[in-house]
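Undergrad: Protein chains in written order, with UniProt numbering: chain W, 1 to 305; chain P, 1 to 98.
Because the hints were derived from the structure by calculation, they are not lab data. The structure displayed is predicted, hence computed values, not measured ones. One should not assume that every hint holds.
Derived pair list, reagent style BS3-like, types lysine-lysine, alpha-carbon separation capped at 30 angstroms [unchecked claim]: (1) P:K20 / P:K32; (2) W:K216 / P:K52; (3) W:K197 / W:K247; (4) W:K216 / P:K49; (5) W:K247 / W:K269; (6) W:K270 / W:K247; (7) P:K20 / W:K237; (8) W:K237 / W:K189; (9) P:K20 / P:K52; (10) W:K237 / W:K197; (11) P:K49 / P:K34; (12) W:K216 / W:K269; (13) W:K237 / P:K34; (14) W:K216 / W:K247; (15) P:K20 / W:K216; (16) P:K41 / P:K20; (17) W:K189 / W:K269; (18) P:K32 / P:K49; (19) W:K237 / P:K41; (20) P:K38 / W:K237; (21) P:K34 / P:K20.
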Amino acid sequence: MVGSVNVVFNTIQGLAEYNPAIQELFECPVQINIKLDLDYQAKQQWDFVSPKNGESLSSFFNVSFLPRVRDASECLWLIETAVDLGSVLHSAADKHEVSTPKVFVTLQQTLVLKRSLLLILKNLFILGTSVIQPDVAKDSLRRISEPLRTLMAFDIDFDRIKEVKLKDFLYLDQKRCINDEVMNYFCSKWTRMWPTKQVIALTTFFSAKALFEHGKPREQVCDRLWEVTLTYGETAKRCTGFSRFDKAFVPIHEPGSHWFSALIDYEEKKIEIYGSWGPTYEQNSGVRPGAQNKSGTNVSRMSCT
Amino acid sequence: MSEEEQQIPPEDANAPINVKVVSATGDEVFFKIKRSTKLSKLQGAYANKVGKDVNSIRFLYDGARISDTDTPASLDMEDNDTIDVMVEQVGGCVPCSS
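Extracted from the complex, chain W is given alone in its bound form:
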């Protein structure tokens, strides 16, 4: 890592000679080294320590917990700066028609990825500072550590979930519920089950807008559906670069706290419904493998993907 960083510094210095403005931006390249070290430390902070016997919770919170998340937050800020500087450099290189070295692109990608990880830590920081009463602090620690462990176990692609925040995953722990952000994340994850197909995931917002009105299914769906589908379809095309779709996931939130998802299969001209209703799943689990596949619950799918 240090080697590649040096290459980047040399590149930066090379470019800096080319343009005094860049030189100004990169006056102290040593700082970037610190950033990477801090980043490594921040990653270590995922293991939460518990208060020792006899240690009061409030002092534990102030002495052990907060400084660590504060470091992480600082580190996040440094990385964000590095990413910003990276973009400046990138566009400067473009402007002067200097090819951006591969190693620099890789480093920038790594930084973006790590930034997402650290965003979660920043959320922790906010949560940490907002906690005043020791009792609540204890509870928070317990609540935070569980979803974080879950997150780690899922092998989540942090690059793709900039919208999902720690508090969204907290629903899983406290209430065993899923909110729209988590649902959208998993639907977009499922699209990657068919790497060779053009699969998209419409969002929960699509169904909320197109299919429901005032908490009830729309009486007349046609005009509205056409208009909304067009907008969302175009957006999906723009985001994925697909010109047509083979399959589309449509996550649906039934008012009254129930999630299910439709999978529209344009190739086979069929619509599958994945319900998350426990009894249906149990009933179908014992029937036959074919039926079982079709009625696998969203929730159980989540735990095995």
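Starting from the known structure of chain W, arrange chain P on it as the hints suggest.
TA: Structure of chain P alone, referenced to chain W:
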């Protein structure tokens, strides 16, 4: 197209535009916002106005989520464009009887 763009004086590039924020129930709130102002500011103002936590509502432009760093300029928004607002949806699996 490019000719048209050149005709616009530079001041106009930063002139405020009107944005309509529409909730799922059809309520509309109008905002005037500079093209370079981050939309997160508008999101905060809207949340304040309707008395909701900004984290419990979602803002969409043309079906795509608006991120905190987006501005009307970065999204190519035009005068009188609409932003959709959705409330957070929460649901769960009915516990299996075992």
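Undergrad: All hints are to be evaluated individually against the structure, with a verdict given for each.
TA: Comparing the hints with the structure gives:
1. P:K20 / P:K32: holds (9 angstroms)
2. W:K216 / P:K52: holds (22 angstroms)
3. W:K197 / W:K247: holds (8 angstroms)
4. W:K216 / P:K49: Cα-Cα ~26 angstroms, so holds.
5. W:K247 / W:K269: Cα-Cα ~10 angstroms, so holds.
6. W:K270 / W:K247: Roughly 10 angstroms between the alpha carbons, so the hint for W:K270 and W:K247 holds.
7. P:K20 / W:K237: holds (25 angstroms)
8. W:K237 / W:K189: Holds, at roughly 17 angstroms.
9. P:K20 / P:K52: OK: P:K20 and P:K52 at ~18 angstroms, within 30 angstroms.
10. W:K237 / W:K197: holds (14 angstroms)
11. P:K49 / P:K34: Since the Cα atoms of P:K49 and P:K34 sit roughly 19 angstroms apart, the hinted pair holds (cutoff 30 angstroms).
12. W:K216 / W:K269: Measuring from Cα to Cα gives roughly 27 angstroms; hence the hint holds.
13. W:K237 / P:K34: Between W:K237 and P:K34 the Cα gap is close to 29 angstroms, so the pair holds against 30 angstroms.
14. W:K216 / W:K247: holds (26 angstroms)
15. P:K20 / W:K216: holds (25 angstroms)
16. P:K41 / P:K20: Roughly 14 angstroms separates the two Cα atoms, so the pair holds.
17. W:K189 / W:K269: holds (22 angstroms)
18. P:K32 / P:K49: Holds. P:K32 to P:K49 sits at ~14 angstroms (cutoff 30 angstroms).
19. W:K237 / P:K41: holds (29 angstroms)
20. P:K38 / W:K237: holds (25 angstroms)
21. P:K34 / P:K20: holds (14 angstroms)
Comparing the model with each numbered hint stated earlier shows that all of them hold.
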